[in-house]
Amino acid sequence: AQSVAQPEDQVNVAEGNPLTVKCTYSVSGNPYLFWYVQYPNRGLQFLLKYITGDNLVKGSYGFEAEFNKSQTSFHLKKPSALVSDSALYFCAVRDSYSNYQLIWGAGTKLIIKP
Amino acid sequence: ETGVTQTPRHLVMGMTNKKSLKCEQHLGHNAMYWYKQSAKKPLELMFVYSLEERVENNSVPSRFSPECPNSSHLFLHLHTLQPEDSALYLCASSQELAGREQYFGPGTRLTVT
Chain A
364 AQSVAQPEDQ VNVAEGNPLT VKCTYSVSGN PYLFWYVQYP NRGLQFLLKY
414 ITGDNLVKGS YGFEAEFNKS QTSFHLKKPS ALVSDSALYF CAVRDSYSNY
464 QLIWGAGTKL IIKP
Chain B
394 ETGVTQTPRH LVMGMTNKKS LKCEQHLGHN AMYWYKQSAK KPLELMFVYS
444 LEERVENNSV PSRFSPECPN SSHLFLHLHT LQPEDSALYL CASSQELAGR
494 EQYFGPGTRL TVT
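Taken in order, these protein sequences are the chains called A and B.
Just so you know, we're using the working numbering here: the first sequence kicks off at 364 and counts up by one.
Just so you know, we're using the working numbering here: the second sequence kicks off at 394 and counts up by one.
Please keep in mind that the hints were generated in silico from the structure rather than gathered at the bench.
Hints should not be assumed to be uniformly reliable.
No farther apart than 25 Å at their CA atoms in a straight line, the calculated lysine-lysine pairs in the DSS-like style are these [to be verified]:
#, chain 1, residue 1, chain 2, residue 2
1, B, LYS433, A, LYS476
2, A, LYS421, A, LYS476
3, A, LYS440, A, LYS472
4, A, LYS385, B, LYS412
5, B, LYS415, B, LYS429
6, A, LYS412, B, LYS415
7, A, LYS472, A, LYS421
8, B, LYS415, B, LYS434
9, A, LYS440, B, LYS434
10, A, LYS440, A, LYS476
11, A, LYS385, A, LYS421
12, A, LYS385, B, LYS411
13, B, LYS433, A, LYS472
14, B, LYS429, B, LYS412
15, B, LYS411, A, LYS440
16, A, LYS432, A, LYS412
17, A, LYS432, A, LYS476
18, B, LYS411, A, LYS412
19, B, LYS434, A, LYS472
20, A, LYS385, A, LYS432
21, A, LYS385, A, LYS472
22, A, LYS440, A, LYS385
23, A, LYS412, B, LYS412
24, A, LYS421, A, LYS432
25, A, LYS385, A, LYS476
26, B, LYS411, B, LYS429
27, A, LYS421, A, LYS440
28, A, LYS412, A, LYS385
29, A, LYS385, B, LYS415
30, A, LYS412, A, LYS440
31, A, LYS472, B, LYS412
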């Protein structure tokens, strides 16, 4: 079955430290992978995606993600966390059967402490 | 207005009421989506429209009825809802249906009493 797992409900990081939000997936064929962020009382905002090419993808607000095919992972990273990065982060992968549906993770709450 | 807008932002309705949620996208996209977001659960895709044609109805109860009069507007008509339908309802759009990132509205926080 196709799935996305975000193993951590919450990640706590001190401001200025590097952060990682983990995502693993299981789909057939080549994955299309996405990261979205949701700030309180807001909709989701697209951060970045991987479709093909370089395994390191750069996105908005200084975030990047590394695609690792052998580990079926797509972890979100940032070298130096800001308090304003505190939000809910969602990983998603395109459903390879429907070609347009996204399979979503349950989300990871990121808390950056000053 | 830019991006994807949704109205109302908050809605409280009784189980016997009829109400509608509205979504409008100003991005020139061809595909629109309705999602249900409940706490600590993955987003649930409810309906998908492409070029005003419905392409997906993910086993959603008939008390939810979508309408897409044109490529910029999407409605979700609600009637005889249940308390478990209380959630954040998100509208999204994408340039085309396959493999594209989606752009979300701020959502409607629905409470069914």
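For a C-alpha distance cap of 25 Å, please report whether LYS421 of chain A and LYS440 of chain A respect it. 10 Å, holds
Holds or violated: LYS440 of chain A to LYS472 of chain A, with C-alpha atoms at most 25 Å apart: 14 Å, holds
Pairwise hint evaluation, LYS476 of chain A against LYS440 of chain A, where the allowed Cα distance is 25 Å at most: 17 Å, holds
Tell me if the straight-line CA distance from LYS415 of chain B to LYS429 of chain B falls inside 25 Å. The hint holds at about 14 Å.
Just to be careful, I want the Cα atoms of LYS434 of chain B and LYS472 of chain A compared with a cutoff of 25 Å; is the pair within it? 12 Å, holds
Compare the distance between the alpha carbons of LYS412 of chain A and LYS440 of chain A with 25 Å, and conclude whether the hinted pair is satisfied. Distance ~13 Å between LYS412 of chain A and LYS440 of chain A Cα, so the pair holds.
Would you mind confirming whether the straight-line C-alpha gap from LYS385 of chain A to LYS411 of chain B stays at or under 25 Å? Measuring from Cα to Cα gives roughly 41 Å; hence the hint is violated.
Between LYS472 of chain A and LYS421 of chain A, does the CA-CA distance stay at or below 25 Å? Holds: LYS472 of chain A and LYS421 of chain A sit about 21 Å apart, inside 25 Å.
Need the status of pair LYS412 of chain A, LYS412 of chain B: alpha-carbon distance at most 25 Å? 36 Å, violated
Between LYS411 of chain B and LYS429 of chain B, is the straight-line Cα distance small enough, at 25 Å or below? 18 Å, holds
Does LYS412 of chain B sit within 25 Å of LYS429 of chain B, going by the straight-line distance between their CA atoms? At roughly 16 Å apart (the allowed maximum being 25 Å), LYS412 of chain B and LYS429 of chain B satisfy the hint.
Quickly compare the C-alpha distance for LYS432 of chain A and LYS476 of chain A to 25 Å and report which way the hint goes. It is violated: about 32 Å lies between the C-alpha atoms, which goes past 25 Å.
Violated hints for the displayed structure, listed by number in ascending order: 4, 6, 12, 15, 17, 18, 23, 29 and 31.
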